[in-house]
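Colleague: One letter stands for each residue in the lines below.
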Amino acid sequence: MTAPISVGAAIELADVRKQFGAVVAVNGIDLNIRPGEFLTLLGPSGCGKTTTLRMIGGFEWPSSGSIRIAGADVSQLPPHKRPVNTVFQQYALFPHMSVAKNVGYGLRMARLPGREINERVAEALEMVRLPNVADRNPGELSGGQQQRVALARALINRPSVLLLDEPLGALDLKLRKAMQLELKQLNREVGATFVYVTHDQEEALTMSDRIAVMSRGAIWQIGSPAEIYERPASRFVADFIGQSNLLEGVVEQVVEASALIRLAGGAIVGAAISDGIGAHEDVLVSVRPENVFVSEQPSEGGIKGRVADVVYLGAYLRLLLDVGQARLLAANVPAGSSFVSGAEVVVTFPASKAVAFRDQEAVDTM
Amino acid sequence: MIAVSAQPRRSLGRTALNASVCLVFLFLYLPLAVIVLYSFSAEKVNVWPIGSYTTHWYHVMWHDPEVRKGIMLSVRIGLSAAGLAILLGTLTALAIDRYAFRGKALLRFCAVLPITLPGIVTGVAMLSFFSVTGFELSNRTIIIGHTTFCITLVLNSVVARLAQIPRNLGEAAADLGASPLRAFWTVTFPLTLPAIIAGGLLAFTLSFDEIVVTLFLKGRDATLPLVIWARLRRGFSPDINAAACMIVGVSFIAVMIATVITRSSRSAQ
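If you read the protein sequences in the order shown, they are chains A and B.
For reference, each letter of the first sequence is one residue, going 1 to 366 in my numbering.
For reference, each letter of the second sequence is one residue, going 1001 to 1269 in my numbering.
In case anyone wonders, no lab produced these hints; they're calculated from the structure.
Take these hints with a grain of salt, some might be off.
These stretches of chain B come out as covered by chain A in the derived footprint (C-beta under 8 Å, 3 or more residues) [to be verified]:
1. 1161-1171
2. 1187-1196
Selected chain B positions facing chain A (in silico; Cβ < 8 Å) [as the list claims (entries may be wrong)]:
3. L1176
4. G1177
5. R1182
Here the structure is a predicted model, which means the values were calculated and not measured.
Where is the CB? At the ideal position from N, CA and C, for every residue including glycine.
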């Protein structure tokens, strides 16, 4: 089988599988990462995202399939021969070396002349805004500073690909937010391809050019943050990224890329659909709470329901509505609205903000 | 600290505990203290109380050619056995830490066993081994005998240290372009060195005052403990106290250094 080589892909995974004993960690992944792109592998723990990253770095070898970096097959190359560098979880700074020695390590391994090493170390520390800690030991630095040292150390070799394994996991929330923006900026400045692993969907949405959502060793959906958020293609993605209402229904009529769907309660709604879904199929309609409109005025259309609970969330109220579905439907309404528990309401949402898909997980488990 | 004084029963228990701890330490160290005191006594026999103090016996000991030869030999054997133990123990520790292989638990057990065996078992076993294989007894056979249990000390010390080193440090080195050998020399080895030295020092101490195994495996020359032992059999002479104190002193210093090294390398983490 000859895999198509897309011109200009920075990293290309073709049918990559990884098995640890009887456990399948990564189950046949195909992935093309573009040069200079910030791509995030997002998923819950155990979904195979870290194993995938480690295979790109060379710390694990795929059981089958191939990995190409800049067109060259690296599947059988050890880490020290790959043109990638990694920012490790917990930073992995060398405790017996000063910050400068840590950062210059890669250049020493490349046997560059001492003067050039010193210059580039100073440059790299400047880049991560840590010019005054060169002679200190990593143990004397704060978590955020250690994070920057790890970043400088990984970037000093000017890799074409930078791998980041949950690098912000150990930082507190405020620092994490600041570092997210900084990483994004760094990605544009140095022009390297960033492959970022995280289980934090907010982080992924903030930083990424594209997100690959992973679960159980496979990529479920890949796309821009907006695509992933606005048009989830499965129950898992809709649930994992942000909050989503999932309504059970049957397709009544298909019109190009959208459809009219009869919900379990009897109401008819419009939603975008993915390819291949036809009339009379069971589907789930996904709609975000912020796109649901609730009115106390009785009307002909819309879904009839009753307010089950009102939750105060500061900027808005979250209504939990009983609309005859298995789960309560969540809707955000402006703070100061006068909804009370038990009130009869009508719920609507624009077809452009809803998306319908087959309940694949249900099929899987059958 | 937790205040316990408010509870009388508990503080009674604590007093008893403290007292028993003191007794144990007294039991361990009082004989040593007495020997040290006697080694400075001006009397020709061990009598209490000590009348006047002198360093005369150290002078006598130091200028006794037999004792001197014993010291030199003990040092030589100690360094050789510790050196061999460092080499073999460190390599075994690396294998245990890095690789998964069949019989790993067995290897670990076999490497630790010699230190738990009574010296007489090791001595008899190795003696019969050497005589069966036609290996002539000499200082070399003593070194081999000592190395068997010295390995254990280095191995335990290094294995414990390696377990503390995060695995991703080696990966970080490889990631930054270090070949496995360079990654070892620039990262793993410097981080393990304190444990290697500490294990080596303890091994040296154990070898320096070892007597049972030495007795079975010795050739013509006598180590310092054997010289002392032989002298005592002929009858007491006060310079023996001084020689014994030397052994105590060397052991004490080596163990102190090992402890300090281990502690400072741990706190540097």
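Colleague: Now tell me, hint by hint, if it's right for this structure.
Modeller: Hint check:
Three residues within the 8 Å Cβ limit are the bar, and the region 1161-1171 of chain B against chain A gives 4, so the coverage statement holds. Coverage of the region 1187-1196 of chain B by chain A holds. Counting CB-CB distances below 8 Å, 3 residues qualify, and the rule asks for three or more. For L1176 of chain B, the shortest C-beta to C-beta distance to chain A is roughly 4 Å, which falls under 8 Å, so the interface hint holds. The interface hint given for G1177 of chain B is met, as the beta carbon of that residue sits about 4 Å from the closest beta carbon of chain A, less than 8 Å.
Satisfaction of the interface hint for R1182 of chain B is found here, the shortest Cβ-Cβ separation to chain A being roughly 7 Å, below the 8 Å cut-off.
In terms of the numbered hints stated before, the structure departs from none.
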